[in-house]
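There are 2 protein chains.
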Amino acid sequence: MKRKKFILPEEQMPTAWYNLLADMPNHPRPYLNPKTRQPITEADLQVILADELARQELTTECYVEIPEEVQEIYRIWRPAPLVRAVGLEKALDTPAKIFFKNEGVSPVGSHKPNSAVPQAYYNHKQGVRRLTTETGAGQWGSALSFAGHHFGLDVEVFMVRVSYDQKPYRRLMMNTWGAACHPSPTNLTPSGRAARMADPHTPGSLGLAISEAVERALEDPEGTRYCLGSVMNHVLLHQTITGEEAILQMQMADAEPDVVIGCIGGGSNFGGIAFPFLRQNFCEGKKMRIVAVEPESCPKLTRGVFQYDIGDFSGYTPLIPMYTLGHEFQPSAIHAGGLRYHGAGAIISQLLQDGAIEAQAVPQTETMRAGVLFAQTEGIIPAPESTHAIAVAIREALRAKIEGREKTILFNLSGHGTIDLYAYEQYLGGHLQDFVPTDEEIARTVQMLDKII
Amino acid sequence: MKRKKFILPEEQMPTAWYNLLADMPNHPRPYLNPKTRQPITEADLQVILADELARQELTTECYVEIPEEVQEIYRIWRPAPLVRAVGLEKALDTPAKIFFKNEGVSPVGSHKPNSAVPQAYYNHKQGVRRLTTETGAGQWGSALSFAGHHFGLDVEVFMVRVSYDQKPYRRLMMNTWGAACHPSPTNLTPSGRAARMADPHTPGSLGLAISEAVERALEDPEGTRYCLGSVMNHVLLHQTITGEEAILQMQMADAEPDVVIGCIGGGSNFGGIAFPFLRQNFCEGKKMRIVAVEPESCPKLTRGVFQYDIGDFSGYTPLIPMYTLGHEFQPSAIHAGGLRYHGAGAIISQLLQDGAIEAQAVPQTETMRAGVLFAQTEGIIPAPESTHAIAVAIREALRAKIEGREKTILFNLSGHGTIDLYAYEQYLGGHLQDFVPTDEEIARTVQMLDKII
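Line order of the protein sequences matches chains A and B. Under this note's numbering, the first residue of the first sequence carries the number 303, and numbering increases by one thereafter. Under this note's numbering, the first residue of the second sequence carries the number 303, and numbering increases by one thereafter.
For reference, chain A alone in the conformation it holds in the complex (with noise of 0.2 Å):
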């Protein structure tokens, strides 16, 4: 018998998070404040953020423990399975192993909840009321919604007015677990009606859903916070559990990856798989390859510029040192909303920076392909953003095939596509078989990959 999932038992499930600040040869340079330019204090985050989530945001201590009350939560869906592709591995006819992280199997269908569980508890835990927060393809309003209902706490979502159009089965989710979701930009607030006064018909962008987010939690100091879902320390912080869970994993299945993949938009999928395999790298002296994936029509990393910039439209954030294309870029509808933010975090950029990852764009009709070959190999649907990681693993495992060598190869699938699959219909039109790869193909990927590695 072929194992194909490798569960951990909730009673082995990590108790902390990894923090990478401690172990990561250079720092990043400091959050600026985007008023005074100097470096940012906890008392400036705290203005908007939970008092625990600022000093998180700061702290250079190498694990944060996780709260009891945030691991019953976790214990609904986590330990997520680690899966052997084998269907994957039999299609591509590769000597390659492919294993991935399932983080779909969260009651939102995605990674996001492991950040907004925790951000929840410590805005309870403070007093707080009510959350604010912004949401593009909607994966991270659910995912506050799931978490604030759990804790008692009115949960209103600014949605990207496109999105709300377009996606009315995540504002249906938000809604059942009993959030508010509006279509942003909305009358409530000064960025808002600025927006509408400027253009009635505006489509909205998640840059000006922060700032609504964000100015909606200042009207009401004592008990108004806002959250957000990727790009900072604290947020990737608790999304480590994913590549700690990993680890022990990839243990039972006694084996070790050379490549560890994983989608970018601001850094939460990624950084959850990565962090920790980092530490081995770092600490352990091990040379695992780790590549972030993006969209080509969103290539901050392959082709942004590393400077300071701001994370939303008006400015609320600190200015963050990373990759950026300038905070006003403005990336093509690709299907992949969750990859379509203009800087990634300041961590990540560091890394890339000093080398220690890797970074590849892939274009839309390369990853759509991967999607429907992996949902007819392995069964799940996978979510847009999550095939820029399976065609990244698929051309490793490629490769690895001309070469006929043997390789462990990894990746973070970030959630299901379900509620995606307007997606897949643009994408197959009627065309229903057939998405191996033929030789020709891949004799033409593996010279490219030569090129780009």
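Not one of these hints is a red herring.
Heads up, the list lumps identical chains together, so a pair's fine if it works in one copy or across two of them.
Here are the simulated lysine-lysine pairs, DSS-like style, with alpha carbons at most 27 Å apart:
#, residue 1, residue 2
1, K427, K392
2, K427, K304
3, K589, K307
Hint data in this document are derived by calculation from the structure and do not stem from the laboratory.
Please arrange chain B on chain A, whose structure you already have, making use of the hints.
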């Protein structure tokens, strides 16, 4: 630490399906050939079903081994978790322990692949190249698409037109797994053409879609066979993997159910959890209550007649001895599309007749409210079908509370409701919170239960 999930290791996954016919005291009367009115033979069934499935339909052997090729695909998601619903228990403030078997973890999102995979396998083994089937809400059609692709079979699904139009995501899932899906009635079959001639705007029906799928299979006796997803013995046989796993997992939890609950359309979800526990009642003298839950608007078990009836519209299926509302019964358009079938399988009908199981009918307002409470306390948004089982689990838990008694409840969560969210929208309206029953409501529930149990 309170353990949340009870996960069976893959190597302990049951390797045989259980056949209740071997142990039940009174066998159902035989199926009849609708033309001759004589008991049906294996040869009669082989005209539309794969030979091995025709054999399994009539066998009385106690266990049927699960082929290794089927086990391999099962392992994509099986063993499915048994979960302790601690969040729901807390919200209900009940002394009862509530467990559920989560069948929503399959790639399709429901229990349906438990039978789709072996059906595709046996057809493939026999040299069949194409499968036809019908689907109402789309769960079964998705499952057969997923399963068929694994064995290189073409799959053609006739989806009731009104569902086809209302549930585009289900069709898109089928396409993503490589299957063709037609809105039924089509122009491809005699039954379809006749229905369209009679009414060009007909919304279609499940009975009609079955007739189309059967006619389509009969066109090509060499290469095509028909498959169906519920009602018949071989389908329920395959579903017993659920109950077999649940027995082992309840042992892991050091608990034994006082009551086992499943929702019922044709019987595949209910039979899957119930039959192995009924073996314990019949063979080991246990006295667990086994409850089938149906919608008040499709009350075949509580208000139907026990008689011979056919399974489709045009009379291609055998005459089956069953509790039925008549094969021309038109249920109202409730959210739980999977429970809108006019009859229950022969074994289940006989069990009810013999008093070995109970039946409860639940109104939609109660099931949807139960669904929202479950989503808010356990995270998982349940399928509208599954909310029926949840509603009765809640009834039982509230009864235990009023009586101040301990009780162990187990129900089968047939699937998640991620792509049924419009049902929640229609139910929720603007009302986003407070789904926990009041004291007055609890008293009323218990009074009502005292009357019906």
